[in-house]
Amino acid sequence: MELLAFACAILVVMPLLLVFYHVLREGLSSVNLAFFTQVPAAVGEKGGGMANALVGTVVLIGQAALVGVPIGVLGGIYLSEYGGTKFNWWIRFAADILNGVPSITWGVVVYGLMVVPMHGSSALAGGVVLGLMMIPLVMRTTEEVLQLVPGGYREASLALGISKWRTIVQIVVRTALKGIVTGVLLATARIAGETAPLLFTAFGNLGWAHGLKEPIAAVPLVIYNYAMSPYPDWHRQAWAGALVLLLLVLFINIGVRFLTRDRFQQKI
Amino acid sequence: MPTTEQTVAADRAAERPARLRAGASPLGDRAFEWLTLIMALSVFVLIAIIGYELARGSTLAIHKFHWHFLVSSDWDPGNDVYGALPFIEGTLVSSAIALVIAVPISIATAVYLTELAPLWLRQPLIMFIELLAAIPSVILGFWGMDVMVPWLHTHLFPALRGRLGFLPIFHGPDYGHGYSMLAAGIILAIMIIPIITSISREILRSVPGLQREAAFALGATRWEVTRIAVLGYAKRGLFGAVILGLGRALGETMAVTMVIGNAPQFLISLFAPGSTLASWIATQFTEAVSNLFYSALFELGLVLLGVTLLVNVLAQLLLKTFAGPSIKPQH
Chain F
1 MELLAFACAI
11 LVVMPLLLVF
21 YHVLREGLSS
31 VNLAFFTQVP
41 AAVGEKGGGM
51 ANALVGTVVL
61 IGQAALVGVP
71 IGVLGGIYLS
81 EYGGTKFNWW
91 IRFAADILNG
101 VPSITWGVVV
111 YGLMVVPMHG
121 SSALAGGVVL
131 GLMMIPLVMR
141 TTEEVLQLVP
151 GGYREASLAL
161 GISKWRTIVQ
171 IVVRTALKGI
181 VTGVLLATAR
191 IAGETAPLLF
201 TAFGNLGWAH
211 GLKEPIAAVP
221 LVIYNYAMSP
231 YPDWHRQAWA
241 GALVLLLLVL
251 FINIGVRFLT
261 RDRFQQKI
Chain G
269 MPTTEQTVAA
279 DRAAERPARL
289 RAGASPLGDR
299 AFEWLTLIMA
309 LSVFVLIAII
319 GYELARGSTL
329 AIHKFHWHFL
339 VSSDWDPGND
349 VYGALPFIEG
359 TLVSSAIALV
369 IAVPISIATA
379 VYLTELAPLW
389 LRQPLIMFIE
399 LLAAIPSVIL
409 GFWGMDVMVP
419 WLHTHLFPAL
429 RGRLGFLPIF
439 HGPDYGHGYS
449 MLAAGIILAI
459 MIIPIITSIS
469 REILRSVPGL
479 QREAAFALGA
489 TRWEVTRIAV
499 LGYAKRGLFG
509 AVILGLGRAL
519 GETMAVTMVI
529 GNAPQFLISL
539 FAPGSTLASW
549 IATQFTEAVS
559 NLFYSALFEL
569 GLVLLGVTLL
579 VNVLAQLLLK
589 TFAGPSIKPQ
599 H
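If you read the sequences in order, they're chains F and G.
In case it helps, our numbering puts the first sequence at residues 1 to 268.
In case it helps, our numbering puts the second sequence at residues 269 to 599.
Be careful, since some hints might not be right.
Distance condition first, Cα-Cα at most 30 angstroms in a straight line; then the derived DSSO-like pairs of lysine-lysine [claimed, not checked]:
#, chain 1, residue 1, chain 2, residue 2
1, G, K588, F, K86
2, F, K178, F, K86
3, F, K178, G, K588
4, F, K164, F, K178
5, F, K86, G, K503
6, G, K503, G, K588
7, F, K164, F, K86
Estimated spans, in silico, between C-beta atoms of each pair [claimed, not checked]:
#, chain 1, residue 1, chain 2, residue 2, range
8, G, W302, F, L259, 26 to 36 angstroms
9, F, G62, G, E555, 24 to 34 angstroms
10, G, L389, F, G255, 21 to 31 angstroms
11, F, T175, G, I437, 48 to 58 angstroms
12, F, L4, G, D348, 48 to 58 angstroms
13, G, V313, F, S29, 45 to 55 angstroms
14, F, L185, G, L309, 19 to 29 angstroms
15, G, V313, F, K86, 17 to 27 angstroms
Bear in mind the hints are in silico, worked out from the structure with no lab data behind them.
Note that the structure is a prediction, hence the values are computed from the model and not measured.
No residue lacks a Cβ here, since even glycine has one placed at the ideal position from N, Cα and C.
So here's chain F without its partners, still in its complex pose (with noise of 0.2 angstroms):
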């Protein structure tokens, strides 16, 4: 029984050693300086890269953060400070389904919130969209951590007569600034891989954006319009893609392990 449980372990980690092998192989020989520098080539042609894209995705992670973060962390802070505990519980629960909803269904509302009415797809759009993705993400684990700073330092920044709001901004997220930024970077990582709620709001560009009020490429999307293209070329880039974003990921994923790891050794 210990062996076959032992099997089990091993049969679940194989996918990730895998997948990371065949990213590797096809993707290292891939990666050239065309691919961080130029725009995609005209369909059939050889060479071009794929900047368009990785800034795409920096400027929708950016536009994201804007929307997914104030907002995450500021209901985090009302969460683990203030509320009863029923009403909390109800805003937990709230937020854990949200969190449930397909991300195909996120990117169907705001076609029909933004694009819509809006006549054509945007980055800003693309940028509402995991914004909003991130805000139940980000305010379960900003509540997570402002829960573990000790009672004590509250109370005793109370008594000296510090107002409560005060009190919870320069002390309390003070004191838990590390895990709430731990807690963003993993939302990052989550919504830099996301590719289908674009699929109709970014919507991808083959060139340079200009402005929020165009379509723009992103890594996800071109990795998904490349592998379903019949050119081989084209799959060698997507391959490229494919790894600058794993990389990207798994490096957030174990720099964050880094980053907290006395807590996480605590927990085991």
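Put chain G on the given structure of chain F with help from the hints.
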């Protein structure tokens, strides 16, 4: 208070004890509390907006097809007739396949990680499993297309047909050259295994040690302790973990779209291409040519939302009533 800063500070110092007794709070405090409250309430607003927007978008299709939409298999843009049945079936079947594969593996792994594995091995294994959950679904889908699907076509499908071909689900031609309902189920299993494993591990860790000791004291073997004292005790929480994995599988889009073959049909044979609600929305949205077509796609989204909300509510209730708020969400 229209006074200078110093006076305000002096006033506040003088007033403080009175204010504490009265339980009132200064303006800044109240403003901040309200600000955070509004942000926290945004989650309710978002759920309402999602529901409203999908319902609004599907009005046209709902008025036109009524409940026939849910039981009709016609998807014919030429005649502007749409039905959701093959996609509902595809969603349920692909998720069912995923659960059949993922549940035993995930729970066995969770048991291994909490009860059996040597301590030095636990941390690296847990990290690997969490990293697996972090792989973007589009990359997993691309790997599925490039590596898994051809392998299914040349190895697994012929083997299954040879051994289990008498079952209708493993019967029939492999039209899609590997792109199939079974491929979607396997990819989904890979995606939900880390989720179910992580949450199950947390659940098992919250089983009191006393529970195990009592069973050992009664002379139970290690296997009996795990089965009766640990798994039996944690049943409800584990069920919650599985349901949460199901919720994730039902709505997963990209990886499924890339390996399922995207045919608007549902066949009993798992070797045949099909579609799920999510994958069909993803592939058809940019093809929509009429308002009714759009509306039908919104209604697919509404059906998907309804199913996932139901499943997620159930999962959260099971998890929250099992262990209180100490179990953190894993997504």
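Hint check:
Our distance criterion of 30 angstroms between C-alpha atoms is met by K588 (chain G) and K86 (chain F), whose separation comes to about 13 angstroms. Between K178 (chain F) and K86 (chain F), the direct Cα distance comes to roughly 28 angstroms. Compliance with the 30 angstroms bound is thereby established for this hinted pair. About 27 angstroms separates the Cα atoms of K178 (chain F) and K588 (chain G), which keeps this hinted pair within 30 angstroms; it holds. Distance restraint check for K164 (chain F) and K178 (chain F): the Cα-Cα separation of roughly 21 angstroms lies within the 30 angstroms cut-off, and the hinted pair is therefore satisfied.
Between the alpha carbons of K86 (chain F) and K503 (chain G) the distance comes to roughly 26 angstroms, so the proposed pair stays at or under 30 angstroms and holds. Using a Cα cut-off of 30 angstroms, the hinted pair K503 (chain G) and K588 (chain G) holds, with the two alpha carbons roughly 13 angstroms apart. Simply put, K164 (chain F) and K86 (chain F) have alpha-carbon atoms about 22 angstroms apart, close enough for the 30 angstroms limit, and the pair holds. Range check, W302 (chain G) to L259 (chain F): about 33 angstroms between beta-carbon atoms, so the 26 to 36 angstroms window is met.
In this structure the supplied range 24 to 34 angstroms holds for G62 (chain F) paired with E555 (chain G), their Cβ-Cβ distance being about 31 angstroms. For the hinted restraint 21 to 31 angstroms between L389 (chain G) and G255 (chain F), the CB-CB distance of approximately 23 angstroms keeps it satisfied. Take T175 (chain F) and I437 (chain G): their Cβ atoms lie about 56 angstroms apart, and the range 48 to 58 angstroms holds. At roughly 54 angstroms, the beta carbons of L4 (chain F) and D348 (chain G) sit within the given window of 48 to 58 angstroms.
For the pair V313 (chain G) and S29 (chain F), the supplied restraint of 45 to 55 angstroms holds, since their beta-carbon distance comes to about 48 angstroms. The supplied range of 19 to 29 angstroms is met by L185 (chain F) and L309 (chain G), whose beta-carbon atoms lie about 26 angstroms from each other. The hinted range of 17 to 27 angstroms is satisfied by V313 (chain G) and K86 (chain F), whose Cβ atoms lie roughly 20 angstroms apart.
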